[in-house]
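Required output: the full structure, derived from the provided sequences and hints.
Chains A and B, in that order, give the protein sequences.
Read in order, the letters of the first sequence are residues 0 to 145 in numbering that gives the first Met the number 0.
Read in order, the letters of the second sequence are residues 0 to 418 in numbering that gives the first Met the number 0.
These aren't lab readings, by the way, just hints derived from the structure by calculation.
Keep in mind that this is a model prediction, so the values were computed, not measured.
Cβ coordinates follow ideal geometry from the N, Cα and C atoms, glycine included.
You can take every hint at face value.
As a list, the in silico DSS-like pairs of lysine-lysine whose alpha-carbon atoms are at most 27 Å apart:
{"hint": "1", "chain 1": "A", "residue 1": "Lys52", "chain 2": "A", "residue 2": "Lys106"}
{"hint": "2", "chain 1": "B", "residue 1": "Lys417", "chain 2": "A", "residue 2": "Lys125"}
{"hint": "3", "chain 1": "A", "residue 1": "Lys52", "chain 2": "B", "residue 2": "Lys415"}
{"hint": "4", "chain 1": "B", "residue 1": "Lys339", "chain 2": "B", "residue 2": "Lys274"}
To be clear about the criterion: a stretch of chain A counts as covered by chain B if any three or more of its residues have a C-beta under 8 Å from a C-beta of chain B, and this derived list gives those stretches:
{"hint": "5", "region": "45 to 58"}
{"hint": "6", "region": "61 to 72"}
{"hint": "7", "region": "78 to 85"}
{"hint": "8", "region": "90 to 102"}
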Amino acid sequence: MVMDGSDRIEIMVPDRDKELGLPYSEGGVRAGFPSPAEDFMPRHIDLNRELIKHPASTFYARVCGESMTGAGIGDGDLLVIDRAVEPYDMCVAVCFLDGEFTLKYVKTGPDGLTLLPANPSFRPIKVSPEDQFTLWGVVRYVIKKL
Amino acid sequence: MYGLADCNNFFVSCERLFRPDLNGKAVVVLSNNDGCAIARSNEAKALGIKMGQPLYQFSNLVSSGKVTVFSSNFMLYGDISHRVHATLREAVPVIEIYSIDEAFLDLTGIPDDRLDSLGHRLNRMCMRNVGVPVSVGISHTKTLAKVASKLCKQYPRLDGACLMKRPQDIEKVLRKFPVEDVWGIGRRYAARLHLHGVSTAFDFASLPEEWVKARMGLTGLRTWLELHGVPSISFGEDPEPKKQICVSRSFAHEITDKEELYEQLSQFVSMAAEKLRKQGSLASEMDIFLLTNRFKDTDRLYSRNRLERLEPPTSDTFAILKTARYAFEQIYDSRVRFKKAGVTFSGIIPSEGMQMSLFDGGETRDNGKLMSVIDSINRKEGAGSVVFASQGFGGVKMNRGHLSPQYTTKFDDILKIKV
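Okay, here's the thing in structure tokens:
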């Protein structure tokens, strides 16, 4: 049970098993005073629904490397990428540059794009017009195992 | 108005989505058994690689690095196809999925002046959100929409969408459009039409209506009407309904062992029977066939088949396998190395309204319920969860030496990004 500032009570039940039938009135159908608890039908949290806004354009990828540790993105983390999201200044995006995928902050400036790492031991990369460059998709979430 | 959204070189585009380094390079996707080309990038087409051409005929281009080949990764293509359809549905309420890479769009009620921009928007959405190029053709009928989408592929400056509306524009296009490329004409009719001096879609549309009706029947007439801008093929309707169901595969290695061969064959028979049930049909004839390697000159080509009647018509795998075994015994030859086997069902009728023959009586066991349970388990748990004993437990063995990861359908296979 969670109490927040607005005095609302929300009951969240984790999804413990796969068998999701129709909600069934535990008290059965009886004449008389109904159980007040029946107004609180179980609601499951579905991470797919919460984290994925556009299923058709969402892709997952796995991080290998250390250049984004300052942004909280480390080796082995899972990326939730949404290609439908319009790239914005300083978004974290999966890019394809000169034959390889990479993950960086994308900084837009008057003189073009720069890919910024979040680790002082890596250098920013200036994207020049002759590079084979694609902004593949914007990262929406990072999931890490602790 | 109708639209057709057709994915360009779809299987190749799916592979390139996760291999952007292959954009602008020659890429070929191979058939089930790495046998021959089933999808080619424009660059591969320019190198002269033909649809259906066996791999060994262009393997020198592969080893010299001029062409990159992939085994077919249908899990990936199926998933990307769903994504394209979902994206189209966001913008167009009614779509009809025609094949893995094509969908018709019902554009009824959309103002004419917005059709062109809608076509381009669909093209941009599919490219950005999913990552595959799609050609959108829009016109008065499904057949003309197909023509329009082919134009997009021919003329890159159309930018992936083509609206064909004014009669004079349509005529100009049809005058240059080969008749064999018209939807519903087919190779057989095209050959006959060529004999009558009909080589373009315009020539065909110029034939008298009666001539077309008399020689090509209702199917031909509908195509003729559609080219004249009269919608004659409604939504969800295929001008060439499935009158046959065929499942056949080439094997990874040539098979001589009798039981191994039958194990594979009975798997194809079971797959075909499931297709029958899925479309609510029964078959009254079954053709079982065995082939040697067609592309090997050293072996004598051996091809045998046996046609069996299924009496009464059925879709029951038990009954069908019994007949299949009998047919197999008649045509199997232990001296021959087989490369391919398959089954074709014909005489297909809807399962309701089937006439019982007089002496059916208690003879036929009704396995309908059991069949539908087996089908639903296999759909839910993956194909091959419940199998008939004769199918064996090995699965069809396939050559898939160039398979890409299942980037979108298998967690261990997702894209890895060096950071």
